[in-house]
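Student: Assemble the complex: chain A is given as a structure, and chains B, C, D, E and F must be docked to it using the hints.
Number of protein chains: 6
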Amino acid sequence: MLDLHAATSPEVKEALAKGAVAVLAVGALEQHGAHLPLSTDTIMAQGVARRIAAEIDGLLLPPIAYGDAWNNEGFAGTLSLSSDTMRAIFLDIGHGLKRMGVKALIIVNGHFGNRVAITQAAQALKVEAGFPVMYLDYPGMEAIASKICDSEPAAPTFYHADEVETSMVLALEPQLVRMDKAAAEYPVFPETFGLEPMGLDTFNKSGVFGDPRPSTAEKGETLIAGIAEESVRLIRLFLAKLG
Amino acid sequence: MLDLHAATSPEVKEALAKGAVAVLAVGALEQHGAHLPLSTDTIMAQGVARRIAAEIDGLLLPPIAYGDAWNNEGFAGTLSLSSDTMRAIFLDIGHGLKRMGVKALIIVNGHFGNRVAITQAAQALKVEAGFPVMYLDYPGMEAIASKICDSEPAAPTFYHADEVETSMVLALEPQLVRMDKAAAEYPVFPETFGLEPMGLDTFNKSGVFGDPRPSTAEKGETLIAGIAEESVRLIRLFLAKLG
Amino acid sequence: MLDLHAATSPEVKEALAKGAVAVLAVGALEQHGAHLPLSTDTIMAQGVARRIAAEIDGLLLPPIAYGDAWNNEGFAGTLSLSSDTMRAIFLDIGHGLKRMGVKALIIVNGHFGNRVAITQAAQALKVEAGFPVMYLDYPGMEAIASKICDSEPAAPTFYHADEVETSMVLALEPQLVRMDKAAAEYPVFPETFGLEPMGLDTFNKSGVFGDPRPSTAEKGETLIAGIAEESVRLIRLFLAKLG
Amino acid sequence: MLDLHAATSPEVKEALAKGAVAVLAVGALEQHGAHLPLSTDTIMAQGVARRIAAEIDGLLLPPIAYGDAWNNEGFAGTLSLSSDTMRAIFLDIGHGLKRMGVKALIIVNGHFGNRVAITQAAQALKVEAGFPVMYLDYPGMEAIASKICDSEPAAPTFYHADEVETSMVLALEPQLVRMDKAAAEYPVFPETFGLEPMGLDTFNKSGVFGDPRPSTAEKGETLIAGIAEESVRLIRLFLAKLG
Amino acid sequence: MLDLHAATSPEVKEALAKGAVAVLAVGALEQHGAHLPLSTDTIMAQGVARRIAAEIDGLLLPPIAYGDAWNNEGFAGTLSLSSDTMRAIFLDIGHGLKRMGVKALIIVNGHFGNRVAITQAAQALKVEAGFPVMYLDYPGMEAIASKICDSEPAAPTFYHADEVETSMVLALEPQLVRMDKAAAEYPVFPETFGLEPMGLDTFNKSGVFGDPRPSTAEKGETLIAGIAEESVRLIRLFLAKLG
Amino acid sequence: MLDLHAATSPEVKEALAKGAVAVLAVGALEQHGAHLPLSTDTIMAQGVARRIAAEIDGLLLPPIAYGDAWNNEGFAGTLSLSSDTMRAIFLDIGHGLKRMGVKALIIVNGHFGNRVAITQAAQALKVEAGFPVMYLDYPGMEAIASKICDSEPAAPTFYHADEVETSMVLALEPQLVRMDKAAAEYPVFPETFGLEPMGLDTFNKSGVFGDPRPSTAEKGETLIAGIAEESVRLIRLFLAKLG
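Residue numbers (UniProt numbering), protein chains in the order written: chain A, 1 to 243; chain B, 1 to 243; chain C, 1 to 243; chain D, 1 to 243; chain E, 1 to 243; chain F, 1 to 243.
Calculated from the structure, these hints are not laboratory results.
Backbone N, C-alpha and C define an ideal beta-carbon position, used for all residues, glycine too.
Just to be clear, a hint being listed does not mean it is correct.
[What the hints assert, rightly or not] Here are the computed lysine-lysine pairs in the BS3-like style, where the Cα-Cα straight-line distance is at most 25 Å:
(1) B:K18 / B:K126
(2) E:K13 / F:K147
(3) B:K241 / F:K205
(4) E:K13 / F:K205
(5) B:K241 / A:K13
[Stated by the list, open to error] With the C-beta cut set under 10 Å, the calculated list includes, among others, these residues of chain B facing chain A:
(6) M1
(7) H32
(8) L36
(9) G226
Just chain A, with the same shape it has in the complex (with noise of 0.2 Å):
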């Protein structure tokens, strides 16, 4: 693996030689409660991107530490990327990536409101460009979850500052999590989330969906090893149709 933040021109070079796929995190500056850090997508997408880097010898580019996060703008600190913005980044990185020589890109994407600009961008890619985009959005970690977490999510599939998430933090980055100030929320969500574009905070007091109070380091590291093991697996499904 080359983490390209750190690697030099010649070590790119030669990864080059030997055919190298790139794996890019993206995230979010986001509002995640009162005991999570506004990064805390952009940590776990990137945790996750290094141990897949790390299994496939790939190249991690520097992670994408903006996301669009309209819905949680009601809440200070979120700032957003418009999807067009995200859109035009992934095409710009995609072509770029592809001038270089590299063979495809992973997105590893760490916030649900990224997917529409991921796969407008990885269609334009495939379609002007001949480049292989490949997005993962945590694969395995529902079923991880519904394992080993002690609480419920505020909905299903629905992970924002909950158990999930902050032993996901806990795991990466213990020292940013404030575990005194985790505080337990469980939202009634409106019969029309989802059906018109609406704030989180309309409904939603402290940022938590969820209960964060029973997160630990150890669960935190069964979610990003499995979903790093499952992403690997569909990765190498997606690199062997390449030939």
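Tutor: Positioned in the frame of chain A, the structure of chains B, C, D, E and F alone reads:
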């Protein structure tokens, strides 16, 4: 100072109540010879930005780790965002900060190629949104460098992977510098350099411009401290005018 | 209800004076096997939209007969608009309705690929113009289908040219259904489906996903009526919040 | 002829094998006085397009039911797409048809305001993709109208909700015409009409330009048949040049 | 009148205090046969615009010397701006004039291909900025030409490098006309002309449409004076409405 | 040399057969104090461009008479195109020249604010179209000015309505210079100048930067001749590399 990477939403809310200014470092993922990491510009800009934020009690944003480094793409490892994408990033961040209640944005630019996007975005944010943006390209660097450096720059105000940059990274992330690979190159600049689009690799072999060998962390620290001090002096003038 | 296709200008003027809501069906021109017409998604969405408009005394707009069906272009007859073009259509319609004095827009979406454009436009119309948009993807369909259908869907919530869709078209435009050509196909979805851009024709032969043979107009009517009823219930909640 | 609204994918595949041409009607959702439906332009264009498609054995696309009718927005019920959005639609359709294997596109335009978008898209499709597009604005209409109509147009070649248009809708969708509400208006055109952006409602009360009262379905049929015949003659010349 | 090419800033300030209207000529760089300069359209438009500005005491802007002359690119020397670029120019100029305090903009268009961009910009400036724009395409030219010209135009209202244009350039810049090279050509227009994108060189050899040989400066002066007179009459009507 | 303003199409055809290079002057419509015309930058750039074209037997294009002079809009008479519009102009011209068969484009820039658009367009033309563009900002001017001028510039390399520019206009269009109104101003530049968007009128009263009073046509001629000579030297180097 609040480092938004690590801060929580309630902490930002509190800082905003007191009237906060944001500080954003902008770097690049760009070749810097065989001895410096690809993120050299990001590391330096973030190092300076952190000092500034500390001094003015600002909100330190996560750095932009990619820049417009088109003319270094001939060297492996350089991965660019286009100038238009960079501008979109700064516009989104500026508009978002304004909605959040931040008073002004200070951009600490660590890569020459980003200037166009930064000044365009700053002008648009002023005209369209009345949001004040100041952009700094290491003020004072030239004066300090000419005093403390033992080597000459490859061209006036042209610092790339040389004694200035190497010293600064030595001061900030010494573990990422491979001094054993540091070698000097003083390329002959074509007379049409700056008068036509031109890849730097067309007249430079190593990616180094100048002589990094006399670099020391101490010189780096002097540079960073001096640049931060001059930056803060200028920022205070800028903020004073805002009233 | 006013069907704008057939209505006159003075009739619209009168309806606007009473405070009208617009209803827009969005479909696609997309392959649906050998037994269903290319406009299947438009026919179904317009069928549901007409029921809704009747129930809430809305303005029924002419349907959008094209959608973003990129992944079905491997089958002849599929003709797509890009997601950006679709978004532009919804933005123009939303801004136009606002200028006209319409209170809100309800979008009845009949094609999965249109979701991105619809949600992006809805968000922009809310933020930039304060114009409320609700988007519905056949609420209640899954529950009804699981109750009344004799065949299984090809994948969870994946309905395409199957018993659900065929029944709905049988209820709305029976003369366009060729039941003698209806044949079942349960393709094996690649594990990377949904994780990379992928044409459906790469793993499906007939364009059918599931088994359309047990379809009846009666089932279709049950689906349409149930979806319309659930839609109206949600729309009333949405409108109640607007005051 | 294949009506793509009703056709199936295998039928299109078969037609493509023989070398098909597509026909697209473009209309508008626009006020047409108190006696004609808002979709008048779409109904007429589709009526003509259907005749043409039948004659040349073409692929009849679903009509575009919205147009750029900005200057009629002063009358309720007019809902426009911008010229840029219209152009995007035609570009997507043209590129899609090319990918599908269609030989050429014939656009039957029923609304003056669409001309800009249509000609721009046609030029771009020719230059960028080598895809041939012909655009027809009811060739022959003026000659026939001057022969068979009992009333004068409100201005030369200006037909709107008058005897020509009313007759054509009477021939195509008589149930949508309210002849009891038909009334004549011959507005005085300001001398700066056509020399500045100007809403038609600034000098017209009823939305009618001319006298619809002598309209008959028979005249409408004569117009449609004559326009279609002249269109087909021109299309054959156009196609002959393609070889 | 103030010719902004030659005027100073204080002079403009003074004119603005009295309530100024701007006049902008738009031409093209386009082939005009072997006897007329490429800037023929610019020369004529600026000639007319100067008369108008003098008459209404307007601000004469520097002319736009390029136009959208795509269909003449088959002849050497034609150099076009796209319609979108032209529109951007007019939008920038309109917004800038509004900020400057100018009351309205009169566009004198000398090239048919510019109409689209001009009308689109005028509409946008009215809708978005409330800035009034009038656009003139040589009003009265046809009537005068039919009276004084000894030759027929190649097609109705189609004047290109013929007696009309040649006479006007003879009146304005006689030294740029090579009457010894003037030759007539009356091409046969294909029946699909105006119905598909088509280069003029596909049916014309010399670039001349009509017969320039009877041209005289006197006729040109009559045309220019008459067009300017009719233009001023229309402008006064337009300005009167602005109040 | 062929001045395209005056040239005919057959003359261009002949020049192209010999392998022509195009020369384009870019100016601005911008305040230049009470003694210089608004078109000062255009006049100077075209004056230099004409010399260059004569020397290299180039195609002299009509100058672009507008520039991006945003920071001078506080003074009446300044009328800007945005940087994006300027870029679109250069891109269209570059692509058009390439289609025409021109070998390369030399841009002679007379206004600082245009640099961004010019360099962006040049890079895009090289990357996307392989079309070579060179851009010149009066090479040699500083050296000559420091030798022959009797006054100091207001700031290093900052020449605006001063002895340098006034002398050059005196050499080119003496009738447009009002020496009786020439007055000196040496404003105090704010320390944040160049570090934030800033109108020049916020610290300058007259629009003059420096002292135009010692200006003479002779100095102007020396400057123009010297700049043209140095430009031609650099152009020959540039062209030599093209082979």
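Student: Now, for every hint given, state plainly whether the structure supports it.
Tutor: Quick rundown of the hints versus the structure:
The suggested pairing of B:K18 with B:K126 holds, with an alpha-carbon distance near 23 Å, which does not exceed 25 Å. Only pairs whose Cα atoms come within 25 Å are accepted, and E:K13 paired with F:K147 is rejected, the gap being roughly 36 Å. Taken as a hint, the B:K241 and F:K205 pair is honoured in the structure, with Cα atoms around 19 Å apart against an allowance of 25 Å. Using a Cα cut-off of 25 Å, the hinted pair E:K13 and F:K205 holds, with the two alpha carbons roughly 14 Å apart.
Distance check on the hinted pair: B:K241 and A:K13 sit about 49 Å apart at the alpha-carbon level, beyond 25 Å; violated. Restraint check, B:M1 versus chain A: the minimum CB separation of about 14 Å is more than 10 Å; hint violated. At about 7 Å, the closest approach between the beta carbon of B:H32 and any beta carbon in chain A falls short of 10 Å, and the interface hint on this residue holds. Annotation: interface hint on B:L36 holds; nearest CB of chain A at approximately 7 Å, less than 10 Å.
Interface hint at B:G226: violated, since its Cβ lies 26 Å from the closest Cβ of chain A, which is beyond the 10 Å cut-off.
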